[in-house]
Amino acid sequence: MSNAETPASVHITLDGVEIEAKPGELIIEAAERAGTFIPRFCYHPRMRSVGVCRMCLVEVSGPRGFSLQPSCYLPVAEGMQVVTQSDKVKKAQDGVLEFLLVNHPLDCPVCDKGGECPLQDQTLAYGPGESRFVEEKRHWEKPIEISKLVLLDRERCIQCDRCTRFADEVARDAFIDFAGRGDHTEISTFPDREFTSYFSGNTVQICPVGALTARPYRFKARPWDLEEAESTCTQCSLGCRMAVQFSRGEVTRFVGIDSDVVNTSWLCDLGRFSYEALDSDRRLVEPKVRYRSEMAEVSWRDAIARVGTHIRNFTSGHGAGSIAFLGGAGFTNEGIYSFVKLAKTAIGTSLFDADIDGGVPASVVFATPRATLVEALEAKVLVVASSDVREELPVLFLRLNEAVKKGLRIIEVSELETSISPLATERLPFSAAQLAASLRSGGAEAERLAAAVNASAGDAGEGAVFLVGKSNFADPSAVYGSLASVCSKKWPAAKFLFSNSRANIFGAMDLGAVPGWLPGRVAASVSDDAREIIARAADEPMLLFLLGVDPLADLPDTALVKAALENATVVVIDSFENPATDYADVILPLAAFGESAGTTTNFEGRVTRLGQVTVPKGQAKPDYLIAAEIAREIGAPSGLTAPETIFAEMSGELALYRGVSYADLASDRYPDGLVVPLGRKAISIGSGPRKLDPIATPGLIAPYHQGPAKPFASEEAGSATKVDGGAPSVSVPNLPEFTVDAAAVSAPAEGRLRLLLTRRMYRPTPQLAAAPILSQLTAQAEVRVAPATLEAIGAADGSEVKLTGDHGVEVLVVARADKALPEGVVQGRLGKGANLLQLVRSGSWATHVKVGSN
Amino acid sequence: MEQANQVPKIVTSRIGLEESWGIKTYLATGGYTALRKALTTMTPEQVADEVSKSNLLGRGGAGFEVGRKWSMLKPAPVRYLVVNGDESEPATFKDHMLIENDPHQIVEGTLISAYAVGAARAFIFVRGEFALGLERLQAAVNEAYAHGAIGRNIFGSGFSVDLVVHPGAGAYICGEETALLESLEGKRGFPRIKPPYFPAVIGLYGEPTIVNNVESMSNIPWIVNNGGASFAALGVGRSTGTRIFALAGHVNRPGNYEVEMAKLTFRDLVERPEYGGGMRLGRQVKAFIPGGVSAPWFGPDQLDIPLSQDDVAKAGSMLGSGSIVMMDDHTCMVRAAWRIAKFFWRESCGQCTPCREGSGWIEKMMRRIEQGAGREADLDLLMDACDNISPGVAWPPQQTTICVLGPSIPSSVASAIRMFRDEFLVHIKEGGCPYE
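Sequence order for the protein chains is A and B.
Note that the first sequence covers residues 344 to 1197 in the numbering used here.
Note that the second sequence covers residues 23 to 458 in the numbering used here.
Chain A with its partners taken away, still in its complex shape (with noise of 0.2 Å):
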């Protein structure tokens, strides 16, 4: 990554030796690259340096001879002196220990970040035998609740600026902040107002002291107790990479990974705080059927006799057309191709749709070039024509802050104001449907985007990565998909990401689950999609296998849902109790996360190894076993149990897997995955085991946590190799034509306002439900209308006001008023409480309702 006026590297001299290092590098990378690690609290590597805590003062050659300099603040510079070693440093070192902890209590033995603190195992390196300090310490009161997961000691702090910088810098809620001054400088939330970040838990992953603890942890387990496995996050389809840390059997924590190119050691506390609910009193744990009207606990053998009689009954008597899968985009990857193989072969009904949300369908997915999360956040523009960000792929959010700050140009094509409005250089205010139209014919919307594209990507789209997704989720996915594919069109070059959020979403769609498509990417016949199978089930008899969805909470036109669910004989293998649980003829329990190896593909192709780390809760199994055993019962043994011969099948048979082994996505060459199809791209090889804390102590914590000092040479960018075998083949289909009905949506009957219908992060999911803490932050279903159309109804803001739908069906819901919003358009927000999606009538091309008082 050199150009021609920085030299590749300068020379500095790190106790006496000569060392090599990046320009513009601080002292403090250069030397722990070099093997010399300079004790440190306030550095972060993903943050600003600020240079506060002093800590990691070295002697640094200058003008005026050798001073103290603090080696995180200072760049290196060619010929710099760098003395690490010194008497002078090692007693400022041992002084900035003392002062830390003349008001530090020594309350170790009963404070969870001992046994894994910066602080306490600095002191043992680098600190004096004992403290001098006679007098008494400043007191506090403890702990301090900042918001419902995260609790502030404050005479724990040492005011390292860390927390406060990544809820400014990196998280843009700034919602804490220094008060008070000198020896009394507290970290404090602002009046009547919580620490309500979507990221909060990360202070707790970068405190480096006990001040911040996070209450699904506290006082759960001893660091030295914890073992720890990789994994990834399978809250959304971002993937972020992080360790899952456990002990005696039950999941304690997970702790973000520093990985380059998905996650830079962020986690939102959705993914963060998701393990709550593992243990929870609503998990399925035992096999049931239903015996007359009860569902009664049965033996696995029972169950799936049951689920092999219905498959058999429904294949003779109504065909295998009868029968159909919905959902499995929180499956694995093996979970998801054992279940396509059970029903595309061994039953032989092309009924499956894991895309319940009906988001970007994956014919443009296949259709178009897809773009590496690190290409979008290099574009030379990114075009976000997405759902909100920050609600849907939180960590994102993070990346895209990050990259703006770093010159990315984001144009947002959105109706409203979302989490990336203030990163975007420009919003179009479009609905997709109004640009689709206008790209396909002409119009001023499509010249607008157009001149904001071309001006940086030219007229090809070439460095131009477009982040398409659903933002409004009234929406039929036709629409998403027609703006994507014209887009592709007009800019050939430009690559593009998806945003539909499920976990493993593109996993699913690579391996079949989905309308169209059979494994690897390989096209079939058209089929129905999740809507038109709910439809069909409604007035046909018909056998459901609802795997790990709730089609209630997820699909439009509820009433219909509830007819298709009384109607059908419904299978639910889900790993929590749902509304549709009450539907079903069998439940079979799930392994949760955590509890069943695999993998799983997040949003660029990236396939990444999951951590099994305990066994699955009660009777649950996992989803390849349970598919496994499906297929025994009716006759057509797979012989795939396990992960590993299942992956083996998937990348012998498929040639999107080609070149991949399931070894290899858990070795150090490959610690965050691979991008499949291989040989596409280059593809980014790590250097070994990676270090979990950036300022953890080397020598005193696990092996593990530190990993080698990192060669100069591998870390230079994507440092690229391509997998043995070259590119394997992967057709890529033409992109796909579709029809949109604008007009329907720009002219809404007289009296009528367009549902623009957007989600939250703390969405009432059956796992949220389950999380003691996280569903408490649930955010409750409402409708925001414009001031005026308020008024005219005679209601307040915060009260109840009734929607009609385009079909009659009314819903109460609290309205707020919202002056930012666009003429002619209120924005439900799904949440607890009202359900929204019964307003939307499936198939139709836009939601209009009335706005009435209750």
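If you are wondering where the hints come from, they were derived from the structure by calculation, not from laboratory data.
Any given hint could be a false lead.
[Claimed, not checked] Below are the DMTMM-like pairs computed for lysine to aspartate or glutamate, each with C-alpha atoms no more than 25 Å apart in a straight line:
{"#": "1", "chain 1": "B", "residue 1": "K386", "chain 2": "A", "residue 2": "E498"}
{"#": "2", "chain 1": "B", "residue 1": "K216", "chain 2": "B", "residue 2": "D409"}
{"#": "3", "chain 1": "A", "residue 1": "K433", "chain 2": "B", "residue 2": "E151"}
{"#": "4", "chain 1": "B", "residue 1": "K216", "chain 2": "A", "residue 2": "D520"}
{"#": "5", "chain 1": "B", "residue 1": "K386", "chain 2": "A", "residue 2": "E478"}
{"#": "6", "chain 1": "B", "residue 1": "K364", "chain 2": "A", "residue 2": "E421"}
{"#": "7", "chain 1": "B", "residue 1": "K209", "chain 2": "A", "residue 2": "E512"}
{"#": "8", "chain 1": "A", "residue 1": "K434", "chain 2": "B", "residue 2": "D402"}
{"#": "9", "chain 1": "B", "residue 1": "K216", "chain 2": "A", "residue 2": "D1084"}
{"#": "10", "chain 1": "A", "residue 1": "K480", "chain 2": "B", "residue 2": "E151"}
{"#": "11", "chain 1": "A", "residue 1": "K433", "chain 2": "B", "residue 2": "D406"}
{"#": "12", "chain 1": "B", "residue 1": "K209", "chain 2": "A", "residue 2": "D516"}
{"#": "13", "chain 1": "B", "residue 1": "K364", "chain 2": "A", "residue 2": "D1007"}
{"#": "14", "chain 1": "A", "residue 1": "K480", "chain 2": "B", "residue 2": "D409"}
{"#": "15", "chain 1": "B", "residue 1": "K209", "chain 2": "B", "residue 2": "E151"}
{"#": "16", "chain 1": "B", "residue 1": "K216", "chain 2": "A", "residue 2": "E368"}
The hints should help you fit chain B onto chain A, whose structure is shown.
Here is chain B on its own, set in the frame of chain A:
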């Protein structure tokens, strides 16, 4: 010598005049003639050149040449001039007097300087506790706007500048120029880490900025009217012109005295009848602080050092903010040093560890000794804690901290221990203060 008659009063000429703070008095005593002269007959470079020739040393504490500071200003389309009126050093009260009694002189100096450095917007940051000063300074700015001395096309010269008076919020640290800039930007008053070393490169809102002291600004009109050479003719060596010394402590006549730089000694200032008039009750000098409470102390044998920046520096302290605190032989040195340690503890901003934690620890030890619970080992411990904030505890100081508030903490404590170790031992042995 009848020196007093020949040496002009450069910055205190209007002190004592009726309504000296109003524009009427100011105009009647030659006010705004320098601004008119600079704007209509001189180029900005010529003004800067006169200031360089005057060798005016900054009057805020560090004593950096004003002309040299201006010359370091990075060329940029937007530049700012910020005047530091956050005078908060204990026993320093010279800017306080200038702000309350001759605000127009500050305004005029600021406007001329803004012209010289090419700033289209200038700020005067005034300590928030100076309620009367703020009122009078704001009134002066309003009068100057009405007079056409501030605003668009001043005196038809084509030069335009706006001047904003900004009250501080009561933190000593905001007198540190980078903390002042942060505060002015609306942020918490934390000093900025160096590099960048000079606001002249990256200052207010990231733009090149000159930060000058109120007294420095007050000298500018005289320099423009009389020429830099006339200013440089006063004083000795690098210490040119006159300077206000805020004489405080156990003297008969405490107060602000404008005297020619380097011509008088500390003893002259303390003893001459027109200045300090001798020590109170005829007592002996036990120790004195030559330049504000950040400065190391001097003893009676250093009374004959001239009031020159370089001579004082050579002797191991500084003229600093121009405040001189005299302590007589009835003063408890432990208590005096504790009192100063307490000040720095209260005023530490809390940003960096050695100052935040060291100031409190040192204060606690000093209090314990003064109150009779000291141990002999505490003296070495105190010196070592000082050493961990300012390695070597020498002058000029080194520091482990971000800003110079850090090494200011040890100045008094280490001076007291070094000069009066016996007195500490008496406190420790007798279990209390012998002066109580």
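Evaluated hints:
1. B/K386 - A/E498: Holds: B/K386 and A/E498 sit about 18 Å apart, inside 25 Å.
2. B/K216 - B/D409: Satisfied, since the Cα-Cα distance of roughly 21 Å is no more than 25 Å.
3. A/K433 - B/E151: violated, 42 Å
4. B/K216 - A/D520: holds, 22 Å
5. B/K386 - A/E478: holds, 7 Å
6. B/K364 - A/E421: violated, 43 Å
7. B/K209 - A/E512: holds, 15 Å
8. A/K434 - B/D402: Between A/K434 and B/D402 the Cα gap is close to 15 Å, so the pair holds against 25 Å.
9. B/K216 - A/D1084: Measuring from Cα to Cα gives roughly 61 Å; hence the hint is violated.
10. A/K480 - B/E151: Roughly 31 Å separates the two Cα atoms, so the pair is violated.
11. A/K433 - B/D406: holds, 14 Å
12. B/K209 - A/D516: holds, 16 Å
13. B/K364 - A/D1007: Violated - the C-alpha atoms of A/D1007 and B/K364 are around 63 Å apart, more than 25 Å.
14. A/K480 - B/D409: Answer holds: A/K480 to B/D409 is near 22 Å, not above 25 Å.
15. B/K209 - B/E151: Holds, at roughly 19 Å.
16. B/K216 - A/E368: holds, 17 Å
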